[in-house]
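Those protein sequences? They're chains D and F, same order as listed. Just so you know, full-length UniProt numbering puts the end of the first sequence at 263, numbered straight through with nothing missing. Just so you know, full-length UniProt numbering puts the end of the second sequence at 432, numbered straight through with nothing missing.
Incorrect hints may have been included.
In silico contact screen, one side only, chain D against chain F (beta carbon under 8 Å); selected entries [to be verified]: (1) Asp-94; (2) Met-102; (3) Phe-104; (4) His-106; (5) Leu-121; (6) Tyr-154.
Pulled from the structure, derived: some chain F residues nowhere near chain D, Cβ distances all over 12 Å [claimed, not checked]: (7) Glu-19; (8) Arg-34; (9) Asn-36; (10) Leu-46; (11) Glu-95; (12) Pro-107; (13) His-176; (14) Phe-194; (15) Val-233; (16) Phe-264; (17) Phe-278; (18) Ser-281; (19) Leu-298; (20) Trp-399; (21) Gln-418.
No wet-lab data here; the hints were simulated from the structure. Ideal Cβ placement from N, Cα and C applies to all residues, glycine included.
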Amino acid sequence: MSELALDREIDRTKMQVSDEVAIQISNMNKWYGTFHVLRDINLTVNRGERIVIAGPSGSGKSTLIRCLNALEEHQAGNIIVDGTELSNDLKNIDKIRSEVGMVFQHFNLFPHLTILENCTLAPIWVRKTPKKEAEERAMHFLEKVKIPEQADKYPGQLSGGQQQRVAIARSLCMMPRIMLFDEPTSALDPEMIKEVLDTMIELAEEGMTMLCVTHEMGFARQVANRVIFMDAGQIVEQNEPEEFFNNPKSERTKLFLSQILGH
Amino acid sequence: MTDQTQNSVAFVAESIIPESPPPARERGIVKWLRANLFSNVTNSILTLATLWLLYLVLSSTLPWIFNGVWTTSSLNECREVLDGKVGACFSVLTERWNQLLYGFKYPYDSYWRPNLALVLLLVAIAPVLFFDLPRKMLAFTVIYPFLAFWLIWGGTLMAPIVAFVGFAAAAAFFQHFGKGSFALGFFGAIVVAFAVWILGGMLIPEGASENAMLSPVPSRDLGGFMLNLMLGVTCVSLSLPLGIALALGRQSDMPLIKWVCVVFIEFVRGVPLITLLFVASVMLSYFFPPESTVDLFLRVVIMITMFSSAYIAEVIRGGLAALPKGQYEAADSLGLDYPQAMRLIILPQALKISIPGIVNVAVGLFKDTTLVSVISMFDLVGMIRGPILASTEWNGVYWELLGAAAALFFVVCYGISQYSQWLERRLATDHR
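Pulled out of the complex, with its shape left as it was, chain F reads as follows:
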């Protein structure tokens, strides 16, 4: 040190200065707090106000949750146990859990069937959602709808087999004849499918379901969150292809196809879903032949699918409109025909742009499945509003039940949202 002051030009360090930590206010949690919560007066006030609000909310909800009672058999017993303290009566969830999930009529000893169907759903849906998985897994995805139908509704195995054969025959017909003429392939395939179903229906003997391996369960007996999941999965997976077809149809050069699509989309979008559901439950039977009993579940699926496919069509139309015209021209100039250009060039890009919108519709649709409670189907909300809240034991347990319903829906919807964000990142190739 003295050396340095005496002889300031020439300087040799005598030792290496040891590394030392930064001052306390510049590191770790203190620095973070200063930077993020108390950087100036306004921020400090806002931070304190937020903390106070958080305290207010948590101080009233946490005791309610932690004092919760899980093991009583009625609301009155809950009140006795709590003895004037604040606390939730979660017993309704434990006692009625099966009803919340499966409805109140699904046979208890058959709960394993929807459970198995759910597990298999995850297997079937995996190769669709995560396209890096081996493509051979898609074979199971093709069989799954028929398998799930058999598991959940039970009855004779012939029914799903005939349905499957009908679809397979239609697909084969389209493969063979669709190349020459699309119209012949398309309408021929529909005729073939119906022919197989009618013939197959005659082959199934009367009462075949009665002694079937899995006891038959009518659609009326489905309920609970299971019903919401079934409606959600079925309608989303049907309305996506239908929505694509409608969006392409709306852009078609052929006036008839174009106007059919425009009228369908505009009409269905202009009508509340709930009126469509009423039509499904009451009026649709007028349109079918009097002796035919088209299943209520199927009628509801048709209506919700129509409704959401109109929305999805508009979302996809937005994606199609966002593509530069040059992409169509490049595909055309290479000699790709219309189906090839759409499948290989246009739709992959348009769908990628539309992912947030499609997911938005899918999440909305899934939550809208609770509307079926209005036409007296006992889905999760229908179960809560109907049999559970109306029972003498649990009359008045609103928060716990609706909170649980919200939590169940949130888990699924949040999962869908996270998946869509992963998908967007995975498909990003523009490197902006």
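One chain only, chain D, in its complex shape:
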């Protein structure tokens, strides 16, 4: 559980964190009805950062990253993504969504479209990319996630791991500057987890800004430059992975780590 079985060295040459701010969250609060799900979140993400968000279930990690592309609405505070403030203005929301890629736990591929159509749909309709160019780019990213031969199949014909890699390729086809991963490996068999993590590591090696909600602590240790621990809707602790795992400060973090790393 603790170590990521990776059969090669991670290439860190391009994993550079720049000074440019990609996401800025300040004093953000969110309620579901009267339930206070996110409490006073402050977080700045620089371009090139690879952040893993961990925490027990119900701690608000998924809700936090879903707020970043307005799949969930926040009720107080500010979120600035890529220089655009998230408000109720639909134009801003659509702009941010087209710059921010998202990968879901249950893949959410479009079952009535082929793999290639899944990947070309948004570039053609949102970016107005010519069809031929969109298809070339889709094939490029499908090769990158190592399933170009499945391009003409439908999602229902692919394994879970393949579907998740298609989902990653589909997001990449929009050329996003930030990628959000919402428990991308939680619905997968152990074998398939590895193929999806490999894809995510390659993405990190190319310098993509990534926010990743995951329980894969091996990935957090080796790829992330920062680990954020959330509990009960607030950020309890954040640190570099080495410090976070070897020397957690808060009692809550220690308990969590002992539970998930203990067996």
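With chain D fixed as given, assemble chain F onto it according to the hints.
Then chain F, alone, in the frame of chain D:
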């Protein structure tokens, strides 16, 4: 053989045994009968009982059909010809066939016009039903309603042209302005359409229809199975888009739109169709300005369309509810806006799920068009109940007439059902 018994360990076959058929009871029809009809005592008894029932039914109906008389001119002549034997009087069908199909007032020398409209309907509807056909054929589908109107009702060609121009202008307006603001595009388009129709209506000279190429036929003169088909095709094709709009409206975040749709659906669904038809034939004229004469056919189409679109909306809402929330989120997260997400992601899947329900409503609606006979329109059933059965020649010929009506409806409804099953197979991509 002797070799084998003497020396049972070492054995060499001396010849190849020729292939032989299985025993008689294990092949062909005998095997099938044993497996399917007489596999045990209960099944055998049921089989025999069914055969006996079939015999009873066929022994009384077959002579009735095969002794049928096709060429007399009244029921009494039929009875004379049959001379006490059992037999149907199909002469009513041959003698009144045109009335059954076209009603009793449609001009005889114009029958080719609805016939041509029917043939063209098949051409126009083909690219909609079979989407593998070239998309260019849809151009004809767009023109068809206006062409069919002109063919069936006749009169001046100006009327359908003005109607078409009105729709085209509205579509163009929406294309241009709908991108910026949906509301402006939508309501502007409606205003533009009405402006074109009113202006165009003034351009058509008084009495232009009188010497037109096709002689005008008023709606009152339409009838027979033609009327059922016209109402069915028009109302299904109008109520499907309206039903989609209502289903989406009911899910809308905007309270006003949502409540308008909810109230419309719940009200229309809670009222029998026949009361709506009475409203159409009697009361609707109170709502229009006194001098305006909104055509009866149009009033009936409006009512049936309202009725079936409420049902279709609920069927589609079921399809929308069946889609996982993740599909909406995935579409949103890719930056698709609402119309794109609906058109490209949500509706194709929701409609696919709803096909059996929609077809159910469409078949029901088509058969419900016979209800217009109650407001004294002479559709197929209206013709049978009214002019034909009331005539002195054919008073009392129920089985033959209603059987023929049932057969006509069955052919169309069975076709719709077969198409929907083909469509479901064609759209299956989940490979379960």
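Hint check:
1. Restraint check, D:Asp-94 versus chain F: the minimum CB separation of about 5 Å is within 8 Å; hint holds.
2. For D:Met-102, the shortest C-beta to C-beta distance to chain F is roughly 4 Å, which falls under 8 Å, so the interface hint holds.
3. A hinted interface residue such as D:Phe-104 counts as satisfied when its beta carbon comes closer than 8 Å to some beta carbon of chain F; here the least separation is about 6 Å, so the hint holds.
4. Against a cut-off of 8 Å between C-beta atoms, the interface hint on D:His-106 holds, since the closest Cβ of chain F lies about 5 Å away.
5. Because the beta carbon of D:Leu-121 sits about 6 Å from the nearest beta carbon in chain F, less than 8 Å, this interface hint is met.
6. With a least beta-carbon distance of about 4 Å to chain F, the hint placing D:Tyr-154 at the interface is held under the 8 Å criterion.
7. At roughly 42 Å from the closest C-beta of chain D, the C-beta of F:Glu-19 stays outside 12 Å, upholding its exclusion from the interface.
8. Separation of F:Arg-34 from chain D is adequate, the least Cβ-Cβ distance of about 41 Å exceeding the 12 Å criterion.
9. Chain D leaves F:Asn-36 outside its interface by the beta-carbon criterion, the shortest separation being 35 Å against a cut-off of 12 Å.
10. Look at F:Leu-46: its CB is around 41 Å from the nearest CB on chain D, clear of 12 Å, so calling it non-interface holds up.
11. With a cut of 12 Å on Cβ distances, F:Glu-95 stays outside the contact zone with chain D, its closest approach being about 53 Å.
12. For F:Pro-107, the condition that its CB be more than 12 Å from all CB atoms of chain D holds, with the nearest at approximately 49 Å.
13. For F:His-176, the non-interface assignment is confirmed: its Cβ lies about 18 Å from the closest Cβ of chain D, beyond the 12 Å cut-off.
14. Annotated as non-interface, F:Phe-194 keeps its C-beta farther than 12 Å from every C-beta of chain D; the closest such distance is 30 Å.
15. The beta carbon of F:Val-233 is kept farther than 12 Å from every beta carbon of chain D, the shortest such distance being approximately 27 Å.
16. With 12 Å as the threshold on Cβ separation, the claim that F:Phe-264 sits away from chain D holds: the shortest Cβ distance comes to roughly 27 Å.
17. With a cut of 12 Å on Cβ distances, F:Phe-278 stays outside the contact zone with chain D, its closest approach being about 43 Å.
18. No beta-carbon of chain D comes within 12 Å of the beta-carbon of F:Ser-281; the shortest separation is about 43 Å.
19. Residue-level check passed: F:Leu-298 sits 37 Å from the nearest beta carbon of chain D, beyond 12 Å.
20. Listed as outside the interface, F:Trp-399 is consistent with that label: its C-beta sits roughly 48 Å from the nearest C-beta of chain D, beyond the 12 Å cut-off.
21. Annotated as non-interface, F:Gln-418 keeps its C-beta farther than 12 Å from every C-beta of chain D; the closest such distance is 23 Å.
Comparing the model with each numbered hint stated earlier shows that all of them hold.
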